[in-house]
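Novice: Single-letter residue listing:
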Amino acid sequence: MAINQSSAPAVTGVRGPEREPVTLDVNGSTFPIELEPRVSLLDALREHLDLTGTKKGCDQGTCGACTVWVDGRRVLSCLTLAMSCEGHQVSTIEGIAQDGELHPMQQAFVDHDAFQCGYCTPGQIMSAIALLREGNATTDEDIAEHMSGNICRCQAYPNIHAAIREVRDADDEG
Amino acid sequence: MSPVLGKPVNRVDGPDKVTGTGRYCGEIVLPGLAYGLIVGADTAKGRVVSIDESAARAAGGVYGIMTHQNTPKVANAPKLIPSLAGQPAPGESFFPMQDDVVHYWGQPVALVVADSLERAAHAAALLDITYEESTPVATIEDGRTTAYEAQTLFGGLMPARDERGDVDAALAAAEVTVDATYHFAANHHNPLETGVTTAQWDGDRLTLWDSTMGVRASQLTVASLLGIPLSDVRVITHFVGGGFGSKAMVWPHVTLAAMAARHVGRPVRLALTRPQSFTSNGHREEQEQRITLGAGRDGRLTAIRHLKVSVTSPFDDWAEPATGGSTQIYGCDNYLGSHNLIRGNTMTPTFTRAPGESLGSFSLETALDRLAYELGMDPVELRIMNHPPVDNHGNPWSSDGMAECLRRGAELVGWADRDPTPGVRQDGNDLIGSGVAGAGYPVAFFMPVQHARARIFHDGSVVIQTSAQEFGIGVTTSMSQVGADGLGVDMDVLRFEAGDTDLPNTTSAVGSMGATMASSAVHNAATTLRNDLIAHAVNDDKSPLHGLSASSVRVADGRMTSTLDPSISESYADLLQRNRLLDMEALGSWTPPPFTTPHGLLTFGAQFAEVAVDKDLGLVRVRRMAGVFAPGRVLNPKLARSQLLGGMLWGLGQALLEGNQIDRQSGRWALNNLGEYLVPVHADIPDIQVEFVEVEDDVVGPLGVKGVGEVGQVGAAAAIANAVFHATGRRMNELPMTAEVVMNGGGAG
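For the protein sequence lines, the chains are A and B, in the order given.
Position 132 of the first sequence, counted from 1, bears residue number 132 in our numbering, the numbering being contiguous throughout.
Counting the second sequence from 1 gives a position; our numbering is that position plus 1000.
Keep in mind that the hints were calculated from the coordinates and are not lab data.
Ideal Cβ positions, reconstructed from N, Cα and C, are used throughout, including at glycine.
Check the hints yourself; a few may be wrong.
According to the in silico footprint, chain B covers these stretches of chain A (three or more CB under 8 Å from chain B) [said to hold, decoys possible]:
1. 20–32
2. 92–101
According to the in silico footprint, chain B covers these stretches of chain A (three or more CB under 8 Å from chain B) [to be verified]:
3. 77–88
4. 109–116
The following label-pair restraints were derived from C-beta to C-beta distances [said to hold, decoys possible]:
5. B:1596 x A:165: 49 to 57 Å
6. A:28 x B:1535: 53 to 61 Å
7. A:98 x B:1549: 38 to 46 Å
8. A:165 x B:1205: 46 to 54 Å
9. A:165 x B:1427: 19 to 27 Å
10. B:1099 x A:16: 39 to 47 Å
11. B:1098 x A:16: 48 to 56 Å
12. B:1745 x A:13: 52 to 60 Å
13. A:98 x B:1664: 52 to 60 Å
14. B:1205 x A:19: 29 to 37 Å
15. A:81 x B:1427: 42 to 50 Å
16. B:1265 x A:32: 28 to 36 Å
Between the sequences and the hints, there should be enough to build the whole structure, so can you do that?
Specialist: Below is the structure:
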């Protein structure tokens, strides 16, 4: 049977495989860049926007070092295609401190020595802040369970737990 | 000693780390940067027969492809020597892509350089490589009949056999003996940042941003392999995303990055992928240990025999030395320690946190627990009773603290109330038990003279420099404290600069020696500059301090003050400005004691653990850990605690989670990612406590600092295994103690 080409839905989803213009909204700023469709959000941030605070630990979705927020929800940027983030708000560790003032979670990490090498730290902090927002930090067990996607090979875990508890308790009082 | 030393100050590099602004070596922005990707061999033993590059070259963005056919020959054959020795320190006596022979799975056989990560990965996937394959030998089972006794270890630095007395006769005569055999799976370091090097040539001069535990080791090794002067190689490392031994030696990818940058005429970044990190920077080798103890009914040890067999590479007699603790932590006249090796198709194993002693102590400390039960003695008292005041050569300890650590730990966990009967405590479906282990980690004086520079400007601000590198050990912070203390200035006016071979030499921070080396050099630099400033002042007839003896001047807050009359005082800044000196500087150096120094040299500690074992499923959960350590002077207790915590939890991972094995058919590691090679996560972490026992040590350096990087792990797994026995009545003979091992009655042996 004959198909009326003009009545088929317009093909709007096919882009690439060459570089295509992409607009990313990161930390409240708009970045028009060109990316191949296969570029991950992680590599777009690190290699194209020079936002290297988001770390590559495994590139396989197993370590959590690349944790960022997309529309406020934590995602693994190594398993997220950059192009799929168009029209969404991406937040990274570089956007957490405001006006040179550390976020209370960042300060608590420093005060509790919640890191050693610092490589997993941006991801830990992005998860930790989100945890409070999600309501997943009520008990020590909650914190341990809901932070378990973020590996710290230096094993600063006890200190990370202390930092999260401190911020949670200060929030509760405030 | 000023109050800044020993104070729990926050990390000075903390803000850089929590805001993501600290630049690691794979984050250096360079114009025209290209991306390199290694292609590892898909066979463990054989020969590269052909490499078809046509499809890869046709893919977009490829700048170059290196294989054994076009890779330059290295100028000097690599020879394995530990980086602590201060010589070229390749991780194996082998450099890849020099010929077509494949010795181990994942050995680099090609290197693709392209204009983006994605294009490099795509082109690498398009390389068509064929191999002629033969059957690999890669496990102890494969090679047991070919095992031979190693003559030396650590690149020839240490004898592989340690023997005194007559161990056979003593065992035959012993009133009580214990004999146990253990199998330990291989471990991988898995720092969160994989090995990465960014290389840039400027004419004949090379700059490397290398993720390393020793910038000097990288410089020495690359210069040697490329055959270029040290003055033409600069290595910079400001932040390192963890090392744990994987970056203690200099692996082929570092030099390959430099070769690739020259090959394509651009700066090149070469990062190991996570799977590649399992085959590119060594590992803790698969090993078996057998330990036999002989003792009198009174609990005195009369004989220890400690034998190890493990798999090494085709090139090197590498074994992590397992007997440095068992030969001396407990006194015993009859001792034999030896290391047998099997040459197999793996890369050369390497230092992995608490090298040697983490597993050596497992054998020793679980065997002692068995002995305590045989004798009906308390395991804490058995250890204290056997811990001697001298080492195995009769030399007194430079500092001890072992008994104090054991007693304090016992207090912390309420050991006195413990019923030693195994298998009688239950909490729901869990069997509960507790265990103890001693800990000792050798202090090794293999390193050359260490240097640091202290410089004061005429406004009173200070820069302290040495080439140490920050990979989480807190050197930036603790050396700021040491510098401020030595010079008598506030930490706020002092900046510590490191991580650059253009700065005065310190050797790789490995073997728990980083703090000792750097603090000794920095202390000497700061105090030399202080003494120079004081000498200047007392000889300056315009100074209020003129004519005083130097010894009657004290320094604090950037001022020199008479100890006799506090009103006689002058600031460093005033002294310099009046004399039209824009700055003054001093080089400090520290010559380590000889390796044969007549002292027993170990850092001691004690480990306690409580576990819950699901009696139906065999799952072990650690409920509590307590560690007490005596690392000499503690420069910063907040940071030292963090490192010791880290070590203890590495012990937890080694006890319960971490293990890899090579597939005997293919010669390939079974696990190559963090989803399957399990490391501890947040949910695995018990209630954990660390305490220090203060001991003074005037042998190990001017400040008496012994390291904390390794000893936290030593004994931790043994304490957990002893607790599992106390809970279940089953002895654990395998690591990791997976549920299967627990349910199968402890595994091999």
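Novice: Taking 28 to 36 Å as the stated bounds, is the beta-carbon spacing between residue 1265 of chain B and residue 32 of chain A within them?
Specialist: At 31 Å between Cβs, range holds.
Novice: Do at least three Cβ atoms from the region 77–88 of chain A come closer than 8 Å to Cβ atoms of chain B?
Specialist: Per the Cβ count (0), the hint is violated.
Novice: Should the hint that residue 1098 of chain B and residue 16 of chain A are 48 to 56 Å apart at their CB atoms be regarded as holding?
Specialist: Since residue 1098 of chain B and residue 16 of chain A have Cβ atoms about 39 Å apart, the given range 48 to 56 Å is violated.
Novice: For the hint 19 to 27 Å, verify it against the beta carbon of residue 165 of chain A and that of residue 1427 of chain B.
Specialist: 25 Å Cβ-Cβ, so the 19 to 27 Å window holds.
Novice: Examine the region 20–32 of chain A: at least three residues should have C-beta closer than 8 Å to a C-beta of chain B.
Specialist: Coverage by chain B is violated here, the residue count being 0 at a Cβ distance below 8 Å.
Novice: Evaluate the given range 52 to 60 Å for the C-beta pair formed by residue 1745 of chain B and residue 13 of chain A.
Specialist: holds (58 Å)
Novice: Taking 29 to 37 Å as the hint, is the beta-carbon distance of residue 1205 of chain B and residue 19 of chain A inside that range?
Specialist: Roughly 34 Å apart at Cβ, these two residues keep to the hinted range, so it holds.
Novice: Residue 98 of chain A and residue 1549 of chain B, beta-carbon distance inside 38 to 46 Å?
Specialist: 55 Å Cβ-Cβ, so the 38 to 46 Å window is violated.
Novice: When you take the CB atoms of residue 1596 of chain B and residue 165 of chain A, is the distance between them in 49 to 57 Å?
Specialist: Holds - the Cβ-Cβ distance for residue 1596 of chain B and residue 165 of chain A, about 50 Å, lies within 49 to 57 Å.
Novice: Assuming the hint says 46 to 54 Å, is it satisfied by the Cβ distance from residue 165 of chain A to residue 1205 of chain B or not?
Specialist: With Cβ atoms ~51 Å apart, the hint holds.
Novice: Within the assertion that chain B covers the region 92–101 of chain A, do at least three residues meet a Cβ-to-Cβ distance smaller than 8 Å?
Specialist: The restraint on the region 92–101 of chain A holds, since 5 of its residues have a Cβ under 8 Å from chain B and three suffice.
Novice: At the C-beta level, are residue 81 of chain A and residue 1427 of chain B separated by a distance inside 42 to 50 Å?
Specialist: With a Cβ separation near 48 Å, residue 81 of chain A and residue 1427 of chain B satisfy 42 to 50 Å, so the hint holds.
Of the numbered hints stated above, those contradicted by the structure are hints 1, 3, 7, 11, listed in ascending order.
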